[in-house]
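Q: This is what each chain is made of:
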Amino acid sequence: MDIQAVRNVLLEEARELLATYEHTLLDIEAQGLDGERINAIFRAAHTLKGSSGMFNLQRVVSFTHLLESLLVRVRSGEQPMGGALISLLLRCGDYLSRLFDKVAEGLDDEDPDPAQRAELIAALEDYLGSVQALKPLAGVPAGSEAQDWLIGIHCHPELFHHGLDPLPFIQYLVGMGELLELALDRELIPSLEDIDPETCYFKVDLLLRTTASREALTQALEFIQEDCDISLEPLEAIVAEAPEAPEASEPAPVESAAPASAPAAPAASGERAARRDEQSMIKVDARKLDQLIDAVGELVTRSARCRTLSLTSARETVETFVEEVDGFIEQLRDRALKLRMAPINEVFQRFPRVVRDVARDLGKDVELQIRGAETELDKTLIDKLADPLMHIVRNALDHGIEPVEARQAAGKPARGRLLLNAYHESGSVVIEVSDDGRGLNAAKIRARAIERGLIGAETLLDEQGVFAMIFEAGFSTAEQVTDLSGRGVGMDVVRRSIEAMRGTLEIQSTLGQGTCFRIRLPLTLSIIDGFQVVVGEAHFVIPLEQVVECLELPANASARQVMSLRGTPLSYVRLAELFELPRDPAARECLVVVQHGQQRTGIVVDRFAGELQAVIKPLNPMLRNVPGLGGSTILGDGRVALILDINSLLATPRRVEHA
Amino acid sequence: MTPSDPNAVLQLGGAFTIERAAELKGLLLQQIMENRPERLDLRGITELDTAGLQLLLSVKRCWPRLSLVEPSPAVSQVVDLLRLADFID
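Line by line, the protein sequences give chains U and C.
Position 152, counted from 1, in the first sequence is what UniProt numbering calls 152; the numbers after and before it change by one each time, with no gaps.
Position 78, counted from 1, in the second sequence is what UniProt numbering calls 78; the numbers after and before it change by one each time, with no gaps.
Treat the hints with care, since some could be wrong.
Mimicking SDA-like on lysine to any residue, the simulated pairs with C-alpha atoms at most 25 Å apart in a straight line are [said to hold, decoys possible]:
id	chain 1	residue 1	chain 2	residue 2
1	C	Lys60	U	Pro190
2	C	Lys60	U	Leu188
3	U	Lys384	U	Arg496
4	C	Lys60	U	Lys617
5	U	Lys203	C	Glu23
6	U	Lys617	U	Asp462
7	U	Lys203	C	Ile88
Hints in this document: simulated from the structure, not taken from any laboratory.
Keep in mind it's a predicted model, so treat the numbers as computed, not measured.
Start from the sequences, fold in the hints, and give me the full structure.
A: Structure follows, in structure tokens:
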């Protein structure tokens with residue numbers, strides 16, 4: 001791996017750590033402090049410091065060092081955790097994110113905000129100073145059962161390379177009780193000429209009298225346990241009230257500490273197993289995945305070609321063989337695509353913070369619930385989903401959920417509720433953002449849409465159609481302009497980005513009770529199930545999920561571009577005319593009814609060629625600006641078919657009809 | 001062997017930490033070999049971690065009669081924690 005690749009890994013890791021750091025802080029704020037949470041925060045800060053040290057990111061190292069020092073004290077209980085401290089720690093996380101943004105740009109030495117840095121450092125130092133001032137005495141509480149522990153810590157030579165230092169941990173251990181003995185093995189340290197300055201030679205044995213449990217002691221060393229041999233052995237139990245004479249106690253029988261005690265070993269290995277579990281997620285370069293998926297795509301194509309051949313040579317054995325191959329390929333495809341899948345939590349996890357901050361800014365009380373965070377979808381989609389989802393959530397907080405007084409006046413609980421939910425449903429992923437706010441006022445939206453000239457006063461629209469108006473460019477019903485609305489991104493952009501992902505957006509709303517935005521996305525962007533149609537010599541693929549039905553075009557319907565389908569008027573277009581293609585004069589015209597949004601339209605073609613799996617390939621650059629085309633694919637016989645993007649195809653102003 | 005200047009003191013300062021460990025090893029070796037100091041003055045050391053401590057211990061191992069004097073607070077903290085009082089003269 002070259003240095004840039006390693007840096008990218010660091011940056012990726014840093015973002016994840018900061019995300020954990022943030023949501024754990026929010027958990028603490030919502031649910032209280034516990035050992036696991038404070039450890040998670042500490043670990044995040046500590047790991048950030050360590051890995052940044054390896055890249056000599058001094059700005060990060062010096063800042064996280066302070067942060068870590070403060071967290072050590074929170075962990076030991078010296079510094080109580082409160083709302084003000086949580087806000088400070090959150091802001092420290094924000095600053096670190098911006099610092100890493102600079103690092104990502106290659107500007108390691110540039111500070112994104114020197115004033116903020118100075119302010120945060122001063123605030124951190126304030127806390128550190130005040131803690132130092134009232135450092136509690138770390139004694140053994142009288143009356144409770146204390147025990148002497150023989151603790152051996154033998155560091156592995158490469159410990160420093162992992163950004164660790166045993167001293168803070170020993171300091172922390174010592175704070176947990178009364179240190180009776182400590183012996184550092186100086187024999188292990190070579191003379192100056194021979195020492196490798198970056199190798200750790202540290203081995204120390206402690207005799208500690210403490211009331212702390214084995215778990216607490218193990219936990220204190222948790223962060224270095226992977227880089228040390230640690231033994232933890234209780235000596236005989238003693239009662240703190242017993243004659244107090246630590247100085248007179250026997251010198252630590254260091255020899256007996258040498259073999260790691262039996263009870264310690266299983267505990268340690270158990271924890272290691274848990275760690276392995278945590279690390280069972282691996283990072284995969286998205287490019288490699290794309291290559292794998294490309295290869296699979298080729299296979300799918302080949303197999304289709306095989307099938308074509310087998311039909312002409314008409315040999316059953318070939319056919320059986322081909323079917324087998326098909327089975328394997330399908331399996332391979334599914335597995336490869338799964339590699340691209342990631343839990344939607346990657347985007348959901350940003351929202352606790354957003355909701356907290358936005359609700360505070362607006363003076364509203366909002367509780368965020370998240371469901372289905374483990375639901376998986378294509379990583380590319382997850383990345384693209386972040387912005388539109390953010391906008392919908394902000395919109396719900398801003399316009400959906402009412403201020404506390406209004407809620408109480410309406411007889412609702414003062415605290416508003418926002419739910420992010422995700423689940424799989426028949427080959428697509430559904431993401432819902434629902435609130436229990438004031439709901440959409442259909443009459444008001446309709447009036448506004450007419451006022452803005454988006455629809456005529458006589459236009460008939462069902463409720464869905466009215467709600468869909470809020471996604472039109474230039475639409476806004478917000479009576480009160482807050483700093484959240486008017487960010488330049490309207491709901492129309494939301495709709496466009498969802499549609500660019502081949503997704504759909506629908507709204508359910510009950511006035512006074514709440515609104516639910518439902519986004520429906522395909523599981524992946526790489527392969528679609530398609531329906532193949534032919535016009536003259538040209539082949540096209542229509543996404544199967546949009547195909548409603550296929551029928552022959554009634555001979556009498558041709559003039560008006562509208563026909564009656566079971567009593568309902570259906571407008572239709574001729575693909576040949578849209579793309580100015582020669583038709584097959586011998587063919588009887590056929591009609592594919594497609595669904596796009598809330599509408600149905602017929603597409604007239606020469607003939608149908610059946611269903612297929614289409615591996616989506618990018619369009620030839622010359623075709624990229626042609627509206628209505630979403631990509632290309634290679635057919636079993638080696639020919640290229642164009643994949644139709646129905647939404648843009650039918651949104652395009654129709655060509656003037658040829659006479 | 002040239003007799004060393006009895007008053008020769010080598011002033012150490014700054015952060016004695018892993019980030020500078022390699023550089024410090026070189027400097028210490030060179031300075032001690034060239035100037036043959038009798039004492040290392042530690043009052044300028046602002047930060048001391050395990051790597052830095054190892055270096056000081058390795059100096060002592062190499063030159064047991066070289067005395068380490070005037071520990072700064074950063075040094076004292078580590079020395080107290082690890083019960084290395086005898087290490088400072």
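Q: Please name the hints from earlier in the document that this structure breaks, with their numbers sorted from lowest to highest.
A: 4, 6
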